[in-house]
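Residue numbers (this note's numbering), protein chains in the order written: chain A, 1 to 339; chain B, 1 to 264.
There could be a bad hint or two in this list.
Here are the simulated distance ranges between beta carbons [claimed, not checked]:
id : chain 1 : residue 1 : chain 2 : residue 2 : range
1  : A       : Gly304    : B       : Ala16     : 54 to 62 Å
2  : A       : Asn209    : B       : Arg14     : 27 to 35 Å
3  : A       : Pro248    : B       : Val101    : 37 to 45 Å
4  : A       : Thr145    : B       : Ala163    : 32 to 40 Å
5  : B       : Arg17     : A       : Gly50     : 37 to 45 Å
6  : B       : Arg14     : A       : Gln136    : 23 to 31 Å
7  : A       : Asp247    : B       : Gly188    : 50 to 58 Å
8  : A       : Asp177    : B       : Val48     : 33 to 41 Å
9  : A       : Asp177    : B       : Phe61     : 53 to 61 Å
10 : B       : Val101    : A       : Ser194    : 32 to 40 Å
11 : B       : Ser41     : A       : Ser194    : 36 to 44 Å
12 : B       : Ser41     : A       : Pro270    : 38 to 46 Å
13 : A       : Thr265    : B       : Arg38     : 54 to 62 Å
14 : B       : Gly241    : A       : Gln136    : 58 to 66 Å
Worth flagging that the hints you see were computed from the coordinates, not collected in a lab. For glycine and all other residues, C-beta sits at the position ideal for the given N, C-alpha and C.
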Amino acid sequence: MRTPTAAEAQSAPLLEARALTVRFGKVTALDGLELTAPPGQVLAILGPNGAGKTTFVRAVATLVRPTSGKLLVRGRDVVREAAAVRRDVGLAGQFAAVEPTMTGRENLEMTARLFGHERSSARRAAAAVIDQLSLQEVADRRSGTYSGGQRRRLDLGASLVGGPRLLLLDEPTTGLDPVSRREVWDAVRGLAASGTDILLTTHYLDEANELANHVVVIDHGRVIATGSLGELKASIGRDVIDVAVSDPGLAAAVGQILERVTMNTARVEPDGRHVTAVAPGGPAELAAVIGCLHDASIAVDEIGLRRPTLDEVFLTLTGDIDIDREPAAAGQLTNGSSR
Amino acid sequence: MTATQLAMPQAITRPARPPGVTSAAGQVALRALRKYFRTPSLLVMGIVQSAMFLFSFRYVFGGAIHAGSTSYVDFLVPSYVATIVLFTGGGIAVAVAEDKVQGFTDRLLSLPVPRYSLVLGRTLADSATNMWSIVTTAAFGFLFGFRLLGIWQDGLAALGLCALYAVVFTVVFIVMGLFAPNAQAAQGMSLIAFVFAFISSAYVPATSMPGWLQPFSKYQPITPMVDAVRSLLVGSTSDVGLALAWSAVLIAVFTPIAVIRYRR
Chain A
1 MRTPTAAEAQ
11 SAPLLEARAL
21 TVRFGKVTAL
31 DGLELTAPPG
41 QVLAILGPNG
51 AGKTTFVRAV
61 ATLVRPTSGK
71 LLVRGRDVVR
81 EAAAVRRDVG
91 LAGQFAAVEP
101 TMTGRENLEM
111 TARLFGHERS
121 SARRAAAAVI
131 DQLSLQEVAD
141 RRSGTYSGGQ
151 RRRLDLGASL
161 VGGPRLLLLD
171 EPTTGLDPVS
181 RREVWDAVRG
191 LAASGTDILL
201 TTHYLDEANE
211 LANHVVVIDH
221 GRVIATGSLG
231 ELKASIGRDV
241 IDVAVSDPGL
251 AAAVGQILER
261 VTMNTARVEP
271 DGRHVTAVAP
281 GGPAELAAVI
291 GCLHDASIAV
301 DEIGLRRPTL
311 DEVFLTLTGD
321 IDIDREPAAA
331 GQLTNGSSR
Chain B
1 MTATQLAMPQ
11 AITRPARPPG
21 VTSAAGQVAL
31 RALRKYFRTP
41 SLLVMGIVQS
51 AMFLFSFRYV
61 FGGAIHAGST
71 SYVDFLVPSY
81 VATIVLFTGG
91 GIAVAVAEDK
101 VQGFTDRLLS
111 LPVPRYSLVL
121 GRTLADSATN
131 MWSIVTTAAF
141 GFLFGFRLLG
151 IWQDGLAALG
161 LCALYAVVFT
171 VVFIVMGLFA
181 PNAQAAQGMS
191 LIAFVFAFIS
201 SAYVPATSMP
211 GWLQPFSKYQ
221 PITPMVDAVR
231 SLLVGSTSDV
241 GLALAWSAVL
251 IAVFTPIAVI
261 RYRR
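Chain A on its own, in the form it takes in the complex (with noise of 0.2 Å):
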């Protein structure tokens, strides 16, 4: 195959998978995956553990070769053109790949080096990325000493410092605490702003909505959806009743009325305050939702209609809850395993 040239490499798709097939014995971790993502975006691929996410972020790392079916990357091949596909990613993964016995800044110019950077350069690109990622007080101490989240950023800098035009960022806050999360948040949004496109894989649903444009579910190794996040929650189509009740013991007796109503299934959220039920009718169901609570004496905190979280999309879409779809919604979306 002929290499395209840098107009083309330009104005081909950022991602085209095709029939994409990864077995790793009798276990099939890609199922004939197909994907186009367009250039100019933080792409978020979601789904379950398991899902064949990570096999996925390896493949277009190129270091999972592909069983079958076909990879480009920038409109080249991860298997044939492998080496120019290297050039094109950064890569940082689940685990922070970077050497605890040498400080951040040996780390990044050692990667620098390893990306094809002179000496000098490769000091500029580390001194810029320390800067970039707030990593100035502790560049200059041994990795190992590094809270989880500075660990995290310099392993997100090393995927950086080789000017990289796709970075694959691998479940990025996987075991960070909260104020972690934020800092690496913050220097993800930072890289996407600066024109950087960005692949992450998480199963955050709030990590996709802050950070990700588009969005591509995957179970079992096949996408089931991919879209903007408004096109995903217009998915399901419908309004959400949602319950706030101030005593959990009262939840299940709000969740009886909510199915009676809608005939839908109700969840009770994590903090067994939040009563929910995806509601067909919407203001009339609300409405009768409201009657049947003041006949049943049940006091609420609040209650109204809203429009489905990500979360609520995804356990429809991965078909952990059973809220039959509606055809005409689902059609909105590209539908990658129903060619």
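Given chain A, put chain B in place with the hints provided.
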């Protein structure tokens, strides 16, 4: 977040070309060496371990072993130095396995480095640390009573052959680390080296072993390798050709395995 923080730093340019083999291998080696010399337990344990084993052989078992016409210390020390990497090399396998499990190898493989520079860099670094154990072990040998029988040039030649073995064994241990699922398994696998070290002419004369065991001792690589070191020390070259041939075979077999396995 302020607007200034939002810009991708100007200083980060894209390198014009991927790194060459020397530069990439150099970085891989530099990192391995830094890790070794900045982890005191690795540095000290290697020395303590080699001294303890030598002490035990020399003073504990040595009295019960008859090495023919030579004194046991003169029989033992050359082969002990030649095989010391088989004892300390487990650390190489462990380090390689750890890199794989902890994601460091993934990071390296995601970079545009020539694939064989990973093996080359690792081999350079570990051969260097192995040279360090060879030299310290030889020093302990002299401390425990070993004396050169021939001229110093013979001693140097023998040391050079040991250095070659250090490279050979390094590649073998790298392969073990690459096949081990984790560090503990790598440690376990490296015990295979003990089998080859012990069932050889390294620490006891092979003729003292039962008849059924002698063929294994005779035809496995360690016996000619240590015999060659002993020969060089007395100015002879017997077994040197065979030892060099074994070294070449081991490198020729294990290096491609390491390169291919790293690439996965």
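A quick look at each hint next to the structure:
Roughly 58 Å separates the CB atoms of A:Gly304 and B:Ala16, a value that falls within the hinted 54 to 62 Å. Judged by the Cβ atoms, the range 27 to 35 Å given for A:Asn209 and B:Arg14 holds: they are separated by roughly 31 Å. At about 42 Å, the beta-carbon gap between A:Pro248 and B:Val101 stays in the expected band of 37 to 45 Å. About 36 Å separates the C-beta atoms of A:Thr145 and B:Ala163, a value consistent with the hinted range of 32 to 40 Å.
Distance hint check for B:Arg17 and A:Gly50: the Cβ-Cβ separation is about 39 Å, which falls inside the suggested range of 37 to 45 Å. Between B:Arg14 and A:Gln136 the C-beta distance comes to about 24 Å, which sits within the given range of 23 to 31 Å. Checked against the hint of 50 to 58 Å, the C-beta distance between A:Asp247 and B:Gly188 comes to roughly 57 Å, which is consistent with it. Checked against the hint of 33 to 41 Å, the pair A:Asp177 and B:Val48 passes, with Cβ atoms roughly 39 Å apart.
One distance hint, 53 to 61 Å for the beta-carbon pair A:Asp177 and B:Phe61, holds here, with the actual separation near 55 Å. The supplied range of 32 to 40 Å is met by B:Val101 and A:Ser194, whose beta-carbon atoms lie about 33 Å from each other. The supplied range of 36 to 44 Å is met by B:Ser41 and A:Ser194, whose beta-carbon atoms lie about 42 Å from each other. Checked against the hint of 38 to 46 Å, the pair B:Ser41 and A:Pro270 passes, with Cβ atoms roughly 44 Å apart.
Hint check: A:Thr265 to B:Arg38, Cβ distance near 57 Å, so the stated range 54 to 62 Å holds. Taking the beta carbon of each, B:Gly241 and A:Gln136 are about 60 Å apart, inside 58 to 66 Å as hinted.
The earlier numbered hints are all upheld by this structure, with none contradicted.
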